[in-house]
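S.K.: The lines below spell out each chain.
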Amino acid sequence: MRGWRRHTGVAIALDRENVDTDQLIPARFMSTPRAEGYGDFLLYDFRNDVYGNPLSDFPLNAVPNASVLISRRNFGSGSSREAAVYALVDFGIRVVIAPSFGDIFASNAVNNGLLPARVSSADADAAIRKLQQGPLDTSVDLLERHIRLGKMAFDFIIDDVWQQKLINGWDDIDLTQNHKQAITAFRALHAQAMPWAVQVQQTNFRSAGRDTVSQ
Amino acid sequence: MTGRRLLDKLWESNEILRRDDGTSLLWVDRHLVHEGSHHAFAKIAERGVPVAEPGLTFGVADHYAPTRGAPATDAIARMIDTLAANTAKHGITCFGLDDPRQGIVHVIGPEQGLTLPGLLINCGDSHTSTHGAFGALAFGIGATEVAHVLATQTVWQKKPRAMRIEVTGRLGAGVGAKDLALAWIAKLGADGARGHAIEYTGPAVKSLSMEGRMTLCNLSIEGGARFGMIAPDETTFAYVKGRPFAPGGADWDRAVALWSSLPSDADASYDVSVSLDASEIAPIVTWGTTPEDALPVTATIPDPARMSGAAAERARNALDYMGLSPGRALKDIPVDQVFIGSCTNARIEDLREAAGVLAGRKAKVPGIVSPGSQQVKSQAEAEGLDRIFIDAGLDWVGSGCSMCVAMNGDHVEPGKRCASTTNRNFRGRQGRGARTHLMSPAMVAAAAVTGHLTDVRELLKERAPA
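In the order they appear, the protein sequences are chains A and X.
Take 5 as the starting number for the first sequence in my numbering and just add one per residue.
Take 3 as the starting number for the second sequence in my numbering and just add one per residue.
Incorrect hints may have been included.
[To be verified] Example chain X residues on the side facing chain A (calculated, C-beta under 7 angstroms, incomplete):
# : residue
1 : TRP13
2 : ASP22
3 : ASP23
4 : GLY126
5 : THR154
6 : PRO246
7 : VAL407
[Stated by the list, open to error] What the simulated footprint calls covered on chain A by chain X, stretch by stretch (three residues with Cβ under 8 angstroms from a Cβ of chain X suffice, anywhere in the stretch; the number is not a length):
#  : region
8  : 23-32
9  : 149-157
10 : 164-176
11 : 184-194
I should point out that these hints are in silico values taken from the structure, not numbers from a laboratory.
All C-beta atoms, glycine included, are put in the ideal place defined by N, C-alpha and C.
Take the sequences, apply the hints, and build the full model.
M.R.: Structure representation (structure tokens):
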């Protein structure tokens with residue numbers, strides 16, 4: 005994953021609260037291998053009519069080069085499906101701006117280089133109203149935690165750890181490998197304190213299902 | 003020094019290290035994977051790393067599991083085959099479709115004794131909070147994190163803030179854990195517990211069965227909390243004892259002694275405390291498109307004209323999607339079908355509750371009953387519950403996530419209205435254009451009997467001895 009400090013692009017608004025992960029990507033598309041790209045699935049049932057024809061006035065269809073999405077509270081609530089983030093990223097979205105995010109969605113976003121930028125409800129509201137007149141050029145400064153949207157300027161909130169991760173493009177598995185010794189030592193202690201936690205054994209075959217049948 | 007909370011004790015016992023920035027590296031005791039984990043297996047294959055602890059990883063086919071016959075499409079069959087291939091490749095025990103231990107991951111974990119007090123449990127599914135009912139630290143993770151757990155058996159996590167939801171009093175007849183959960187979510191909002199780990203306390207929680215506790219913790223994420231937990235007690239130990247993968251012999255006594263030290267200290271304090279009176283809670287149904295859109299079944303549909311700003315706009319959108327108009331009594335809303343199932347409400351007690359309402363009655367609308375696991379199915383059949391559902395006119399089918407997430411082909415047709423024991427009434431959740439009303443198993447059974455949303459207490463009254 006590549007890190008980034010500053011993003012400039014075109015912003016659009018999705019004027020809704022609680023844009024949940026089932027809306028971001030309906031479940032029926034989730035058996036698709038990632039290599040095929042998830043961009044077309046993003047907000048599929050909003051973007052298309054019942055026959056699958058794109059609705060031309062929907063912001064994502066009207067502005068296919070949009071890379072910043074502004075929405076309302078509780079964006080990304082719902083399931084842990086990282087596919088919701090894949091759909092945004094594969095469409096080309098780099099920054100989502102909202103007053104609040106689902107916890108799992110936000111951490112999935114950061115793991116894929118997508119910034120979940122938290123702003124006040126008032127700033128989100130003002131930005132959404134401004135974007136009702138059409139898309140706007142925007143710049144997002146990750147280091148300064150600052151957004152410029154047309155003539156508007158406002159700050160956003162991001163957890164320090166997540167900010168660093170996005171800037172540096174850190175990969176957690178690489179980071180964790182550096183702690184291999186500590187993990188091994190912990191495992192040994194844990195196995196002493198709670199042997200049943202580390203050596204999982206089937207102790208009772210009476211109600212184990214398969215074993216019941218064979219008895 | 004103030005007392006330690008259940009959250010603190012669980013966190014400390016699994017914390018390997020804490021970075022200066024406050025993020026902890028936690029040891030994962032049980033990692034549960036399902037068909038949706040294919041992205042994560044692909045990630046570790048790409049890096050060429052093995053699974054660190056195959057013995058602590060368990061797989062189960064549930065999200066795409068067919069409930070009637072063979073998989074509906076090739077793509078669905080491929081998802082189930084891929085899980086079998088990935089788990090076999092890494093030496094992971096997998097409860098596949100033909101395994102009598104198969105079922106929904108959050109049903110079979112506890113059922114098999116894989117879920118125990120004091121453990122840290124991860125699964126690539128947001129309803130992993132269910133396992134917190136045992137006094138475990140259990141939370142849902144995304145695919146990148148699943149790959150990380152596969153590769154290292156650890157997870158990076160910042161400790162959440164602690165919220166206590168205390169429920170005083172007693173739940174009335176016909177009112178259960180589902181109503182309790184929807185009540186607090188309606189009160190605090192779908193993001194009301196965001197950033198927090200919830201500990202449920204109080205006499206009404208303590209008196210819930212393990213099934214009820216699982217339903218309550220399961221729905222934590224619908225109020226925004228990644229974690230929901232209940233301190234382990236005698237009810238917990240009685241449930242766990244003798245389960246296939248639970249500790250036995252001398253380990254059992256040692257485990258119970260350790261688990262008995264987990265409840266929060268009496269002088270512990272919380273970042274947020276909320277209190278509810280169980281005796282004031284009525285059977286609840288949802289009317290909109292998020293679980294916070296929930297009201298007592300005796301209420302009327304709210305009027306967006308009386309709300310302001312984004313909330314009014316959202317209510318208008320929700321009512322438009324749901325095909326409902328303000329002011330209408332919830333009890334007047336007809337349903338087209340019912341669904342009893344899911345990780346929220348498909349355990350044996352849930353089925354008994356629904357069967358209790360349906361016994362000797364006929365359903366006016368079609369519906370399916372999908373038990374949470376093959377074990378639950380066998381148990382229900384041994385008790386004759388399947389006959390009650392079938393005699394009422396409902397379909398008794400196999401086990402899996404089924405119509406809750408509509409991945410296996412079971413879905414609600416566009417514009418159709420379903421009374422459902424599931425966890426999400428999101429737009430399109432049960433199928434494109436599907437209209438979902440969430441409620442308890444007893445309430446779904448009542449809706450099946452009358453063909454419209456119904457206060458189950460009225461049906462129970464008819465049954466009451468004179």
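S.K.: Counting residues of the region 184-194 of chain A with a beta carbon closer than 8 angstroms to any beta carbon of chain X, are there 3 or more?
M.R.: holds (count 5)
S.K.: Minimum Cβ distance from GLY126(X) to chain A below 7 angstroms?
M.R.: Since the shortest Cβ distance to chain A is 6 angstroms, the answer is holds.
S.K.: If you take the shortest Cβ to Cβ gap from ASP22(X) to chain A, is it below 7 angstroms?
M.R.: Violated - the Cβ of ASP22(X) stays beyond 7 angstroms from chain A, reaching only about 10 angstroms at its closest.
S.K.: May I ask you to test the interface hint for TRP13(X) with respect to chain A, counting a Cβ-Cβ separation under 7 angstroms as satisfied?
M.R.: violated (14 angstroms)
S.K.: Let me know if the C-beta of PRO246(X) comes in closer than 7 angstroms to any C-beta of chain A, holds or violated.
M.R.: holds (4 angstroms)
S.K.: Given ASP23(X) was flagged as interface, is its beta-carbon under 7 angstroms from a beta-carbon of chain A?
M.R.: This hint holds: ASP23(X) lies near chain A, its Cβ roughly 5 angstroms from the closest one there, short of 7 angstroms.
S.K.: Are three or more residues of the region 149-157 of chain A within 8 angstroms, CB to CB, of chain X?
M.R.: violated (count 0)
S.K.: If you count the residues of the region 23-32 of chain A with a beta-carbon closer than 8 angstroms to a beta-carbon of chain X, do you get 3 or more?
M.R.: Our answer is that it holds, as 6 residues pass the Cβ test (under 8 angstroms) against chain X, meeting three.
S.K.: Between the region 164-176 of chain A and chain X, see if three or more residues pass the 8 angstroms beta-carbon test, and mark the coverage as holds or violated.
M.R.: holds (count 4)
S.K.: Could you check if THR154(X) really has its C-beta closer than 7 angstroms to a C-beta on chain A?
M.R.: holds (5 angstroms)
S.K.: May I ask you to test the interface hint for VAL407(X) with respect to chain A, counting a Cβ-Cβ separation under 7 angstroms as satisfied?
M.R.: holds (5 angstroms)
Checked against the numbered hints listed earlier, the structure breaks hints 1, 2 and 9; every other hint is satisfied.
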